[in-house]
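Engineer: Chains as they are written, first to last, in our numbering: chain A, 218 to 595; chain B, 485 to 779.
Calculated directly from the structure, the hints in this document are not laboratory data.
All values reported here derive from a predicted model rather than from experimental measurement.
Hints may be right or wrong, so weigh each one.
Stated by the list, open to error - Ranges of calculated distance between the beta carbons of each label pair, as one might list FRET restraints:
hint: 1; chain 1: B; residue 1: M700; chain 2: A; residue 2: K526; range: 30 to 38 Å
hint: 2; chain 1: B; residue 1: G574; chain 2: A; residue 2: R422; range: 47 to 55 Å
hint: 3; chain 1: B; residue 1: N546; chain 2: A; residue 2: G508; range: 54 to 62 Å
hint: 4; chain 1: A; residue 1: A349; chain 2: B; residue 2: N546; range: 46 to 54 Å
hint: 5; chain 1: A; residue 1: A349; chain 2: B; residue 2: G696; range: 46 to 54 Å
Said to hold, decoys possible - Computed footprint of chain B on chain A; a stretch qualifies when at least three of its residues, placed anywhere within it, have a C-beta under 8 Å from a C-beta of chain B:
hint: 6; segment: 315-328
hint: 7; segment: 421-428
hint: 8; segment: 432-443
hint: 9; segment: 568-582
hint: 10; segment: 585-594
Idealized CB from N, CA, C, for every residue including glycine.
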Amino acid sequence: MGEIFDSLQQFWQFTGFANCGWGNLAMILIGIAFITMGIVKEWEPLLLVPIGFGMIIGNIPMFPGLNIGIYEDGSVLNTLYQGVKQGWYPPLIFLGIGAMTDFSALISQPRLILIGAAAQMGIFGAYLLALAFGFTPNEAGAIGIIGGADGPTAIFLSSKLAPDLMGAIAVSAYSYMALVPVIQRPIMLLLTTKKERLIEMPKPRQVSQKEKIIFPIVGFLMTAFIVPSGLPLLGMLFFGNLLKESGVTKRLANTASGPMIDVVTTLIGVTVGASTQADKFLTGKSLLIFGLGLLSFVIATASGVLFVKLINLFTKNKINPLIGNAGVSAVPDSARVSEVVGRESNPSNHLLMNAMAPNVAGVIGSAVAAGILLGFLG
Amino acid sequence: MKKRLLILAFTLLAGLFPLRGQNLSDLRITEVLVENVSGIVDEKGEHSPWVELTNNSQGTVNFAGCYLTDNPAEPKKYMIPKGVLANRLGARQVTLLRPDFPILRGTTLYLISTDGKTVIDSIEIPADLPADMSVRKVARDNKKMDFKTDSLPADPTPGAMNTEGIIESGSERMARTDPYGLILTITSVSVVFGALFILLIIFTISGNSFSGKYRMRRRKAKAAKVAGSADAETAAAIAMALSMEGGEDEAAAIAMALDLYLSGSAHDSESYILTIAGRPSAWSNKELMKRKYPR
Numbered sequence: 218m219g220e221i222f223d224s225l226q227q228f229w230q231f232t233g234f235a236n237c238g239w240g241n242l243a244m245i246l247i248g249i250a251f252i253t254m255g256i257v258k259e260w261e262p263l264l265l266v267p268i269g270f271g272m273i274i275g276n277i278p279m280f281p282g283l284n285i286g287i288y289e290d291g292s293v294l295n296t297l298y299q300g301v302k303q304g305w306y307p308p309l310i311f312l313g314i315g316a317m318t319d320f321s322a323l324i325s326q327p328r329l330i331l332i333g334a335a336a337q338m339g340i341f342g343a344y345l346l347a348l349a350f351g352f353t354p355n356e357a358g359a360i361g362i363i364g365g366a367d368g369p370t371a372i373f374l375s376s377k378l379a380p381d382l383m384g385a386i387a388v389s390a391y392s393y394m395a396l397v398p399v400i401q402r403p404i405m406l407l408l409t410t411k412k413e414r415l416i417e418m419p420k421p422r423q424v425s426q427k428e429k430i431i432f433p434i435v436g437f438l439m440t441a442f443i444v445p446s447g448l449p450l451l452g453m454l455f456f457g458n459l460l461k462e463s464g465v466t467k468r469l470a471n472t473a474s475g476p477m478i479d480v481v482t483t484l485i486g487v488t489v490g491a492s493t494q495a496d497k498f499l500t501g502k503s504l505l506i507f508g509l510g511l512l513s514f515v516i517a518t519a520s521g522v523l524f525v526k527l528i529n530l531f532t533k534n535k536i537n538p539l540i541g542n543a544g545v546s547a548v549p550d551s552a553r554v555s556e557v558v559g560r561e562s563n564p565s566n567h568l569l570m571n572a573m574a575p576n577v578a579g580v581i582g583s584a585v586a587a588g589i590l591l592g593f594l595g
Numbered sequence: 485m486k487k488r489l490l491i492l493a494f495t496l497l498a499g500l501f502p503l504r505g506q507n508l509s510d511l512r513i514t515e516v517l518v519e520n521v522s523g524i525v526d527e528k529g530e531h532s533p534w535v536e537l538t539n540n541s542q543g544t545v546n547f548a549g550c551y552l553t554d555n556p557a558e559p560k561k562y563m564i565p566k567g568v569l570a571n572r573l574g575a576r577q578v579t580l581l582r583p584d585f586p587i588l589r590g591t592t593l594y595l596i597s598t599d600g601k602t603v604i605d606s607i608e609i610p611a612d613l614p615a616d617m618s619v620r621k622v623a624r625d626n627k628k629m630d631f632k633t634d635s636l637p638a639d640p641t642p643g644a645m646n647t648e649g650i651i652e653s654g655s656e657r658m659a660r661t662d663p664y665g666l667i668l669t670i671t672s673v674s675v676v677f678g679a680l681f682i683l684l685i686i687f688t689i690s691g692n693s694f695s696g697k698y699r700m701r702r703r704k705a706k707a708a709k710v711a712g713s714a715d716a717e718t719a720a721a722i723a724m725a726l727s728m729e730g731g732e733d734e735a736a737a738i739a740m741a742l743d744l745y746l747s748g749s750a751h752d753s754e755s756y757i758l759t760i761a762g763r764p765s766a767w768s769n770k771e772l773m774k775r776k777y778p779r
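Just chain A, same shape as in the assembly (with noise of 0.2 Å):
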């Protein structure tokens, strides 16, 4: 009997109640919210589900040495994580974002790509940010890259820059992506008077097939050489569209954007997650990024719309301000929110297609300026 009762106290040992802490209820229970924003509101719900999930996968509380942490070298969970940790993933996912984006508007109005430059402000002001608050040059890079709204970059860069911080930067990232019109919509409002949102543009003109397959291969070329080191997701976002724009490589181009993609978000999302174990994440250098990734939307967000009314001032066919925000690279996310806020103003205003050149922009922007602190800090 005594036996039989040692056992049981030292199975008791490895069960999850034996080892948890207020660390990983307070995890799981973030966890549970992420899920609940992504059903409930459908708010991402393809990154917020499985990075919830995720995240009380990863804070089970365990018995450590049973070699099935995600920190653990040789566990599932550990050589999923690789993909994340080495950068494999987020190129992946440029080449099915690339395979899915349409990037007509962008050609057919090249005037509202600066835009997409303008908004990554966001990025290097979070940097300026992050080196006052006491980070160092390579940590600072990372989280200001949040200012980017594109996960697969802020996972990308962080990786390489910091991994240390990767679970604190993706998990803000996309929150952030998820929170877009909540965050963006105030400050459109702000920044804009009621004249400027009811300025009504021009429908973007139709773009022929050539020049819709010329896009991907410049478009690569010239970027590529400016900032080779942005090397991996510029050359598969640019890859990815050409297999859907040249006709003649549709099941490629149907893999990349259909299966191949869905894939490694559920892989990414449930890894970066379950990265964000108590110990590790609830610390007061997470609090900071989180800060830090709001105030880097906030000020790319007023970039975009800002740089929009300075455009104005020097030329006669006007721009809607509203598509400002666009300048981010939560794509179609912020188009969206151009689009709804524009028709607040003016019912009979459609700004999507016009919110999608700088939106679009925004995406070749933040790899770009990717590249750029990669190179630098690296």
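Please build the complex by placing chain B on the supplied structure of chain A, with the hints as guidance.
Structural biologist: Frame of chain A; chain B shown alone:
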């Protein structure tokens, strides 16, 4: 359009040429041993002095035909032999040379390019350099490989990269050179804007070409030229006719009519849209066509 594409292609190619980069100017004299008493021996088994060269680039450099000299007035003192496979140096690799002239203390050793004039690199040999000790250049940053001459003689390390284990990461370098991040910020913002501005230019030009804007502009210019000449001729003819016959009122009426005609104001603009406007009548009124009392 073809012309424009050709110009674009040439511009791109012209932009690519400076990028070849991996050339003789990336070679560095990184170590010299003047008096070899007990160090490594050459292929003849002798303790000869040696000069270490490092390829500081990311590509292979063929340095055959370059020269070593300790006298700037005699730049071709020792030519590095051609046709030797070992004279092709891979990226970030090191090789040893044994010049056929004695290297003297207190002189400067120069590496001269194949043209026999251009100095690629040089190193000063201290006058008090002891035997079996070398003078060398050390890279503080193993990424940038910016070699600086060591102030003190060192134990020779022939054939090994002179980095002394001092590795400074990009982040450390930025923390040292740009603690507030302003330089990086300004540079990065400029590069992001620059990259996207280039795309803007390219796609504005290609967009105008594909949408036929340039063709239309050319046609308009051509038409304006033709119209302009017609205007001048017509005006001259009118002036002549009016001066010959007719009164002032008649002349003014003809001039106005011609002006309206030539400026296109006499014509209404056609929308080229055909519409059939429905006129309400008893025949087209649907309500009247319905039976009052269905059977």
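Engineer: Are the hints correct? Go through all of them and say.
Structural biologist: Each hint, compared with the structure:
1. A beta carbon spacing of about 32 Å between B:M700 and A:K526 agrees with the range 30 to 38 Å that was offered as a hint.
2. The given range of 47 to 55 Å is respected by B:G574 and A:R422, whose C-beta atoms sit roughly 51 Å from each other.
3. In this structure the supplied range 54 to 62 Å holds for B:N546 paired with A:G508, their Cβ-Cβ distance being about 55 Å.
4. For A:A349 and B:N546, the hinted distance range of 46 to 54 Å is satisfied, since their beta carbons lie about 49 Å from each other.
5. A beta carbon spacing of about 52 Å between A:A349 and B:G696 agrees with the range 46 to 54 Å that was offered as a hint.
6. With 5 residues bearing a CB less than 8 Å from a CB of chain B, the segment 315-328 of chain A meets the requirement of three and the coverage assertion stands.
7. Here the segment 421-428 of chain A counts 5 residues with a CB under 8 Å from a CB of chain B, which clears the bar of 3, and the coverage holds.
8. Check on the segment 432-443 of chain A: 8 of its residues sit with their Cβ under 8 Å from a Cβ of chain B, so the three-residue criterion for coverage holds.
9. Judged by the Cβ-Cβ criterion of 8 Å, the segment 568-582 of chain A is covered by chain B as claimed, because 3 of its residues qualify and three suffice.
10. Residues of the segment 585-594 of chain A with a Cβ under 8 Å from some Cβ of chain B number 7, which satisfies the need for three, so the listed coverage holds.
The structure agrees with every numbered hint stated previously.
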